[in-house]
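Novice: Given next are the chains, with one letter for each unit.
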Amino acid sequence: MLLTEEKIKELAIKANDIRISIIEMLVEAGSGHTAGPLGMADIFTLFYFHILKHDPKNPSWEERDRVVLSNGHICPVLYATMAHAGYFPVKELKTLRKFGTRLQGHPHREYLPYIETSSGPLGSGLSQAVGMALADKMNKKDKDRFIYCFMSDGELDEGNTWEAIMLAGKNKLRNLIAIVDRNNIQIEGFTEDVMPLEPLQSKWRAFNWHVIEVSGHDFRSLNEVVEEAQAIYEKPTVIIAHTIPGKGVREFERNYKWHGKVPNKEEGKMALDELRALRF
Amino acid sequence: MLNPNLKLNPKIFNSDVEQVPIRKGFGQGLLQAGEINENVVGLCADLTESTQMNLFADKFPERFIQVGVAEQNLVAMSSGLAAMGKIPFCSSYAMFSPGRNWEQIRTTITFNDRPVKIVGSHSGISVGPDGGTHQALEDIALMRVMPNIDVISPCDAIEAKKAVLALVKTGKPAYLRLVREKTPIITTEETPFNIGQAEIYWMPDVGLAQVGIIVTGGLLFRAILAAKELEAEGIKTKVINLSSIKPIDVKAIVSLAKECKAIVTVEEHQIAGGMGSAVAEVLAQNFPVPMEFIGIRDLFGQSGTPDELVEHYGMGKNSIKEAVKKVLKRKS
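The listed protein sequences correspond, in order, to chains A and B. Residue 112 in numbering that gives the first Met the number 0 is what sits at position 113 of the first sequence, and the numbering runs on without skipping anything. Residue 181 in numbering that gives the first Met the number 0 is what sits at position 182 of the second sequence, and the numbering runs on without skipping anything.
Hints are computed from structural coordinates only; laboratory data are not their basis. It cannot be assumed that every hint is accurate.
[As the list claims (entries may be wrong)] One side of the interface only, derived from the structure: several residues of chain A facing chain B at Cβ under 7 Å:
# : residue
1 : 123
2 : 126
3 : 162
Beta carbons are placed, not taken as given, at the ideal position from N, Cα and C, and that holds for glycine.
Bound-form chain A, shown alone (with noise of 0.2 Å):
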């Protein structure tokens, strides 16, 4: 879909809104993930807010595209950008993690049926996605919608994630879009000195994937990486999307640190005044 200036422009405002957002809810919940929500916000945004089939009014619409997110630990920018979508109210986030929430610490279908799939262990939100996307082919719809697999770089180190990458790239699985957060980084450190995953491209390619890489933070491209996804016919596509943990916060970007840990109250401040400080 044709993404103009303008819309460009209100996306980076909804982005920020959103990393906004999600600082907020981790202050408050006190624990959780920074640096992976904050890195796919635009990403998410544009999802959201220009790419997806969905309906926030209607969350069990049977049309719907599906999204699954495989590596649960970075739902707040799920939440946060569903809020933002109208799925329930922005006021909601700050109940993060918190009991009786309905957002879990890592998402739970059973307490937020809005979302496709509960997740958190890793590895094997790109298998359900399979199975979404057989389901598709054996009922002949799929030309009709798309089954989008968000998924981070440190779960390729699972084994269950290659097994479900084999199984779609023998099936020909066209309506399945894999989105792996290239953001280099996992709990322990740089994903190339943890269990490198370089060449990422052959990896998925020596598997009968059609493999795009491109910049997690530029709307356009990221647009037309999507749309050619979506016209490849006879194959699954991965999109390998460069991010930068911890993006749009000066102090927590690129910094393995931050993966696994929230802003106190200071360092939560001084990230707001920077993302509020931002002029588009």
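Based on the hints, put chain B in the right spot on chain A.
Specialist: Frame of chain A; chain B shown alone:
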């Protein structure tokens, strides 16, 4: 005597009683389920013939998915299919599924509330010559400990077929435990099977039973033979088929304990965490009575014929009889 109300196989005590692998009943049940309900799909991890899913796969190739030797993907992918309205039956050997993929079953199926049916064939010691690596003796414990899943362990091929047809309709996750070996046919098409309901298969001709025997799976035949011999020796027993381990029939178990005041449980599984443990949990809370457990005593299996192994690990007819006599002595 055999419970006359259950229409059990009248030829059960004949030396030429018909013997069919329980997994074969699964295969026939799945084929029938596929004919009745177009949402039923089959997935298998490179053991289609061994698990008898080939009957379904041949009839409905467009609804069968060959997953390869990848049990984690097998179950997690089934969850995705279920999310789109399918009713997936996914099969492998019990040692590999649910043996290898427990966390995927928990997160993507039970926690996620998707109606996937996990079919573990080749469970128990009676896998035989393949040896200890392939004998799943912990799978009941692994599955019944999880919230939101039914655990069914049929006693023969006919009951396995009925179990498949019943599981199609539950709308929730399930584990179906099957054994590989030929097992005598105990039930008939008319015998009732309901998830969550235990049935009394053997009872005294007259009067009350002195010991209650609760059995799950392929050892039921041996337990009935033991009960018959015990009766000739003057010991009255009742034998319950507890094919539905979860949900468990609390009423039937407590009522048996109240009548007999002594219970023996029989299963091809570790004693720790298995069906006997489930029965003990029920009785400890409702009506504690002395219990003896027939099952594997904290050991791994080994190669041998199924009969050799069942005898060696103390789960044969004579072991059941000894356990009954032992628990009888413990009655106060």
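Novice: None of the hints should be skipped; say for each whether it holds.
Specialist: Each hint tested on the structure:
1. 123: holds (4 Å)
2. 126: holds (3 Å)
3. 162: At about 4 Å, which falls below the 7 Å cut-off, the nearest Cβ of chain B leaves the hint on residue 162 of chain A intact, so it holds.
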